[in-house]
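Visitor: One letter stands for each residue in the lines below.
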Amino acid sequence: MGLFSKIKKAFKKITGAVKKVVKKVVKGVKKVVKKIGSSKILKALAIAAAAVVTGGAALGAMGATAASGGFTGWMVGASQAVTGGTLFGTSTALARGAGTVAKLAASPFKALGTGIGTVGSKLGVNLAPASSTATPAQLSAAVKTNPAAAARASTAASRGALNLPSTLPGASTAASATGTAAQQLAATAGSLPGATVGSFGTSAGMVGTVSGTAAQQLATTVPAALGTSSIGTAATTAATAATAAPQASWFARHPKLTSAATFVGKTVGGAALTGMTQQYIAGDPEQQGSMAGAAYEGESNLDPLRVYAAQQGINTDSIYQNMMYGNVDPSTQYSSELFRQQTFGVA
Amino acid sequence: MSTPKRLPNPIISSSLSEAAASGVLDGLDAGFTIDEIAPDTGPKIRGEAKFSQKGLDELVKLSSQGAVIPGQSLTNNPEQPYPWETPPEFANPREALDDIVGSIMQPEAMKNIVAALAQGAAVADLGTAILYAKFNEGKINPDVMMMLAEPVMYTIMAIGEEANIKYNIEGDDLDEFDEEDEQEEFDKRVDEFRNALTDIKKGATKNIETSKIDTNVVPESILAQVKEKGPEIKSLLSKGEE
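The listed protein sequences correspond, in order, to chains A and B.
Using the numbering used here, read the first sequence as starting at 1 and increasing by one per residue.
Using the numbering used here, read the second sequence as starting at 1 and increasing by one per residue.
So here's chain B without its partners, still in its complex pose (with noise of 0.2 Å):
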């Protein structure tokens, strides 16, 4: 393992994203590897999400409970408002951030967590809900809640990672970052076949002499032509005028 040059540089970003990239480019300069950085701990387990009928069917039951009636709540006693009716328990988002990422780190709500990403459960989805959660509970207000999200979303990505669980981000988006490599890597491969077809071209068709072609082969009148049209002549593979 390499020794860092450095201690790490103070990192003020007003987003976790860049402050996370801030914090990997500073490790990298610092002279850490990407591997000493993201150790390899071997395949990863799919979190691939899979058809239930028995999930549909109990979504399906749920939904057609029926909502609540318009204007149900202003029948409700004010005296007893409901928990997101009442000032929030953190109004600070740090002490609220503090407060449920000691919750998601129980062993009970990460193994839950563990297991609902291994089974297809998006981060996202696992971050809302655990959010919504808390300010259902009066914890947080919903401010604090949209400030957070991004953070419980690392928070969950990081558990994922760590146990070694290829997680769904958003929907069913598995294999999306991979894809996105694969096209990438196409796109350098096609751009490095039409650079190297481009210079081909460009280093034949400097050397052509006209003059030393032989008259046997390609007739006069033909070569007449080719010197008279020159760069107007188009390769019988050239895209055609539209």
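In isolation and in its complexed conformation, chain A is listed as follows (with noise of 0.2 Å):
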């Protein structure tokens, strides 16, 4: 059988185990939790074991109830906290359509985006009932992971109005410039945020009015709209960067996991030095190191043999060529008969 044969079977086997291992737990929780259906156990197994699989990641890619504060943000609360954070706290529907924005783009698990349940149809699967909450603009704007779509799908007057610069990348499109690359580039340079400081102007939004270039305006407005302090220049942030506090890391933010860990290992690794430094004072130095207790051979097993060899005048390093019946030389057997015994005659 061949590698691929033999792996297959093994993978065939060990979804199987998966399977009676699901359906025990399910038993389990069903011998706690009276009066439930299984398909409901399995359902909160699944959403469970999806929690600590991907720290949250994948039910908040796939809008479960993280968002809404239920049993899947309580497990998956300081995943949340890394992936999410207070930027998207504010309930505006403008902070709420750029946090999911900055979210697909913050977290390779978000890419899909908000309630794949609740907006089965935006992948193209006629799958969910007619319970779809979320708007066409909200979809697209999850499907597509493009930053300058959704900033436009922001601007609609019931999203927020967020006054962003009409000619964010992809937003404005130059009229027909044709010819070569070169061509158009000129033709289409005009309408690059920035290319130009006084082709902008002001825009008006809910931020109020501002002016300059578009990263001057969306350096106002976008932070204004979220909550947060002012953008500020390049080296400002670097500076904020860097004397920032540390996110707090794993072993700090887990204490009671990290003692229970500190134990194990302290507990485990204890026993390994017992065991070396007893090697240690016990002076055999090319056993250091070892398992205690470990079966070794110990020279003494081999003194009968060489005590026959010294009476027999038979030197120990040769002894394979000395074969042994027993203690007897075997050749001593070579003209002894078999055992005979008298048989009737056949007539």
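These aren't lab readings, by the way, just hints derived from the structure by calculation.
Using N, Cα and C, we set each Cβ at its ideal position, and we do this for glycine too.
Counterexamples of contact, computed for chain A against chain B with all Cβ distances above 12 Å:
#1 T316
#2 S335
#3 F339
Derived lysine to aspartate or glutamate pairs resembling EDC-like cross-links, with alpha carbons at most 20 Å apart:
#4 A/K30 x B/E176
#5 B/K111 x B/D125
#6 A/K23 x B/E170
#7 A/K30 x B/E180
#8 A/K27 x B/E170
#9 A/K30 x B/E179
#10 A/K30 x B/D187
Put the two chains together into one complex; each comes in its own frame, and the hints tell you how they fit.
Guide: This is how it looks when you write it as structure tokens:
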């Protein structure tokens, strides 16, 4: 059997075993929580397991209940604090929209966006019953991981009307430019943000009226809309990042688990060190670091053979040239006859 | 929505299934209801496997193409090994899992997984395919592949649950859990009936006093037999001796 066949067979065994474990666990939970259907427990298990596997990122990406502070949010609170953060805590539709986009960009697991369960139709598979609550604009913003597209969606009046300059990349198209690449660039250069200072003037929206280049306007309007401090210049941001308090380590955030792990580590490490120390004390440098109590064949086991060899004048170095039948030379048996007995003659 | 009484307890387990079960029980203990943990999202879409002649033909066609000749791999240039013959990209299961879950969570991959689940593909088959592909690409070794079977299957199950699909876990077992529920319910009812019957029987036999039985109804000779044989008398409906 080849490697691949073996792998396939082993894999089939494992998947079968997983199903058995799932069944067993469903039964176990059922004993504790009465009068509940197995499929409901299965769902709870799947949600909890996904939270464990991905630290909540997968469920966050699928728009599960994490955001609404439910069980998943409770279970993966720490993870959400890392991937989400307070930046997305404001209640305006604008902040929600911008937050979604930022989250998508921030986390690889969150590429899909909100609510696969509630907006299954966006997947192009006609699956979900008519319970979709997301607007087409939200869907398209969630599916497309293009910040420009999402920003465009957020400029709709119903979504908070962030006063973004109209010249974001892709937001406006310069009137049909033709010719070589250089000619097209020359024709459309004016529509690139920041290309020309005076061409954008001011824009009005929920943050008020701001002026300057597209980059300058964004630097003012986005932080204001999200309720955060101004982004400032690149130098300022770098300085802020340098002085910002570092994220607490995983161990600091999980003191109980850390103490348990430390205890286990200390116990196991202590046992290993004890064995090692004992070997040092015993004074056998060749066996230092080996496991205490391991079965070594002591030299004393060879003693009876040495005594016998000495009696027979055999050198133990060439012992394999002196084959023994027990402790007798097999050649002594060469002349002995095998057992015989009388048999009946057949006519 | 109820407010949890406390923070989650740390879970230490060698099996993801058990860790998930502990998480659910911990959540229930902290004050969540099972409906809050696994909210009802209406009737599910049945991911029923349907027979497809086209699919079968395709399979037959593939299998009739023949396999490699034994020893064929030995004729390959050792300087150009297959990806799985080279050291894997991820030797650490955790890193491998991050990479795999990351690729599963891509919109296009997710769309395909949801579509496959809705059309009856089993979670185990999808998990196998994903991990096997990663092994073929030289991303993971067979040991890591085996270790990741359970987490990947659970991730796919979570996707199925979020998409509100009733999916197969292995083979065609869509209604297996429901059937078990029905069987359990049936067994429970039968037990209840038996217990009730036993109670009635016990109560009835306890209250029978042969001295009070009207001899016009039951002849004295029979009553004498009843007194004599007592517990040996069996019901007409009882199981006979074998």
